[in-house]
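Colleague: These protein sequence lines map, in sequence, to chains A and B.
FYI, the numbering for the first sequence is 1 to 465, going by my numbering.
FYI, the numbering for the second sequence is 1001 to 1195, going by my numbering.
It should be emphasised that the hints constitute simulated quantities derived from the structure, not laboratory data.
Just so you know, these numbers come straight off a predicted model, no measurement behind them.
Even glycine gets a Cβ: it sits at the ideal position worked out from N, Cα and C.
Just to be clear, a hint being listed does not mean it is correct.
Stated by the list, open to error - Taking beta-carbon pairs under 8 Å as the criterion, some of the chain A residues facing chain B (in silico):
1) Gly22
2) Asp24
3) Thr37
4) Ala195
5) Lys246
6) Met259
7) Phe406
8) Arg425
9) Phe427
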Amino acid sequence: MSALTLFEKLWQAHKVCSLDGGEDLLYIDRIFLHERTGGVALVSMAESGHKIRRPEHVFATMDHIVDTLPGRSDETKMPGGKDFITITRRAAKAAGVTLFDLGDERQGIVHVISPEQGIVLPGLTIICPDSHTCTQGAFGALAFGIGSTQAEHAMATSTLRISKPKPMLVHFDGALKAGVTAKDMILHLISTYGAAGGRGYAIEFAGLAVRALDMEARMTLCNMAVEFGAFTGMVAPDEKTYAWLKDRPYAPKGADWDMAIAGWQKLATDMGAQFDRMINLDAGLVAPTVSWGTSPAQCVLVGGTIPVSKCKEDDKSLAYMGLEPGQKVNSLTVDAAFIGSCTNARLSDLRAAAEVLKGRQVRGGTRAICVPGSSAIKRAAEAEGLDIIFKQAGFEWRESGCSMCFYAGGEGFGAGKRVISSTNRNFEGRQGAGARTHIASPATVAASAVAGHICGASDLGVHNG
Amino acid sequence: MAESLTTVISKAVPILRDNIDTDAIIPSREIKGVTKTGLSEGLFAGWRYVGGREINSDFLLNWPQFKGAQILLSGANFGCGSSREQAVWALTEYGFRVIVAESFGEIFYNNCIANGVLPIRLPGRSIALLVKIDKDIEVNLETQKIGGISFDISKPHKHMLLGGLDAIDLTHRSMDNIETFERAYFAKQPWARLK
Chain A
1 MSALTLFEKL WQAHKVCSLD GGEDLLYIDR IFLHERTGGV ALVSMAESGH KIRRPEHVFA
61 TMDHIVDTLP GRSDETKMPG GKDFITITRR AAKAAGVTLF DLGDERQGIV HVISPEQGIV
121 LPGLTIICPD SHTCTQGAFG ALAFGIGSTQ AEHAMATSTL RISKPKPMLV HFDGALKAGV
181 TAKDMILHLI STYGAAGGRG YAIEFAGLAV RALDMEARMT LCNMAVEFGA FTGMVAPDEK
241 TYAWLKDRPY APKGADWDMA IAGWQKLATD MGAQFDRMIN LDAGLVAPTV SWGTSPAQCV
301 LVGGTIPVSK CKEDDKSLAY MGLEPGQKVN SLTVDAAFIG SCTNARLSDL RAAAEVLKGR
361 QVRGGTRAIC VPGSSAIKRA AEAEGLDIIF KQAGFEWRES GCSMCFYAGG EGFGAGKRVI
421 SSTNRNFEGR QGAGARTHIA SPATVAASAV AGHICGASDL GVHNG
Chain B
1001 MAESLTTVIS KAVPILRDNI DTDAIIPSRE IKGVTKTGLS EGLFAGWRYV GGREINSDFL
1061 LNWPQFKGAQ ILLSGANFGC GSSREQAVWA LTEYGFRVIV AESFGEIFYN NCIANGVLPI
1121 RLPGRSIALL VKIDKDIEVN LETQKIGGIS FDISKPHKHM LLGGLDAIDL THRSMDNIET
1181 FERAYFAKQP WARLK
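Could you put together the complete structure from these sequences and hints?
Modeller: Listed below in structure tokens is the structure:
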């Protein structure tokens, strides 16, 4: 048998048949929905009379539009927001799918709670009408975002009609320096190879520096594969993966668990397997990175300067962001700091930020918000007193949800406001019309909130990050 | 089920930026209901309007000569970012049937096919030629030509668009295959099946 990549093994294991014209019919193990794009799919299915083939394999959560303010209810600041919540709830119940509703202790951001619940597992295919589904590739699953209509197709048939992407290897050799994170790795990759550098590829992240990452950091890395234009990202499962998933509610138990692990151990890319493209990077050369423009490809080192414009896109980004080439990044005053999202709001992210914030204060006039990625993370953080550190530093401490990663909860930062954010997208208007987003790691966000301008944790004398 | 698409004859609006993301096509704040309609008002809202809801006369979509245009011309990586299908629903409701770009976000591309919108990939120099045409441009999916320029599209996507086909109906014909596959799959790894 020829040597195969992790991706090829996942694809072959799920290929039902080839279809005319080059597409494959791919079996889908798990489907996740949320109230913004999932509710409309459930409603549309009910209207068209299509039945969900395996409702026990479909899950839904409330994360995108729900309020994240303490004491929340179905009411949101967003016009019409309540409809998304109530309609999704009604449709999920009618369809018999498991819903992690508001008030449920399992509620949270879809790509955070799916691993927490053991819904994503190595070797499975999992989809969600949400582009950051690739986050879950960190577990050695084939996890990818789709549209609402494709979600309907998957619910009705347990399959998708899909063209096979090409495998790419992104190999991070060496070791990260202290204070450098998975967020910096992925921003480094995207800013080096462009926002469409991964177009058409399923990316496997590998190498010593990737093996050294914990599961949460691997999720951060895979999360932004879509920002690289890729079909998805993934990391081969290993002992860290199994330890993280063991005894999770939906993970296999007993003999099933042993059988599952035996299969998962065969998923890693075989020696000599061929990739269509390989990128080799030295993790030791990655440094704390922050975006300056309106595409995640427009990044600079935290201690760097705003680059000279190379094209009209750069001109537009500079104008939108209110920047001039040559400005020092650490001269940029921030109006707000946001720690949240499926990219960087897991427990290790909150710990990294708290380490910076401990005994320090957010600069006066800077709005600072922390939104844990799930209700479980919020409880775990509170159990170790992180909430106290955040609040004493001057951060708002919120309920779990996607929140101000974008405007969908009805809150924005305001036109012209400069925001340092642990999220994944610095698009125009992403965090509210006219808001200027700089994306970075949680430690960089926390340090910038304290300094009142963009800076790294090391600038405050914090070196573990 | 989407409307079938064979030919489109229309003006083409150039919005020639790279990396136009789905947040720009339909900002989150413009997605106000759990429906596939009522979205065209919010199309490109961040660029189309100034102040509250005043028409931005600098934005080409608002120019009178482009009223009723069904073809949109853009740059590289059109529709990148969020998977929101509302981006395509907003474009179709506004009247667009054909989007021409150097490349597309993958999820957006598939969402176009699912909704009877033809996404055409062309090199920048070909798009520049189309921009110069100030009369109606003809798009013919059967012959795969736009304004006399040939374009590629995969066979299944062409078939779906020409027939206005519903993918679920097509796949239902393969249900026997799916059930056979599934039995073997679960026999091999019973843990993958939830009760």
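Colleague: The structure should be examined with respect to each hint, and the outcome stated for every one.
Modeller: Outcome of the hint check:
1. With 8 Å as the threshold, the beta carbon of Gly22 (chain A) comes within range of chain B, its nearest partner Cβ sitting at about 6 Å, so the hint holds.
2. Among the interface hints, the one on Asp24 (chain A) is violated; its C-beta lies about 11 Å from the nearest C-beta in chain B, farther than the 8 Å criterion.
3. Of the supplied interface hints, the one on Thr37 (chain A) holds, with its beta-carbon coming within about 6 Å of a beta-carbon of chain B, less than 8 Å.
4. Interface hint status for Ala195 (chain A): upheld, as the beta-carbon distance to the closest one in chain B is roughly 6 Å, under 8 Å.
5. A least Cβ separation of about 13 Å between Lys246 (chain A) and chain B goes past the 8 Å threshold, and the interface hint is therefore violated.
6. Hint status for Met259 (chain A) relative to chain B: holds, with the closest Cβ pair at about 6 Å, below 8 Å.
7. With a least beta-carbon distance of about 5 Å to chain B, the hint placing Phe406 (chain A) at the interface is held under the 8 Å criterion.
8. With 8 Å as the threshold, the beta carbon of Arg425 (chain A) comes within range of chain B, its nearest partner Cβ sitting at about 6 Å, so the hint holds.
9. Against a cut-off of 8 Å between C-beta atoms, the interface hint on Phe427 (chain A) holds, since the closest Cβ of chain B lies about 5 Å away.
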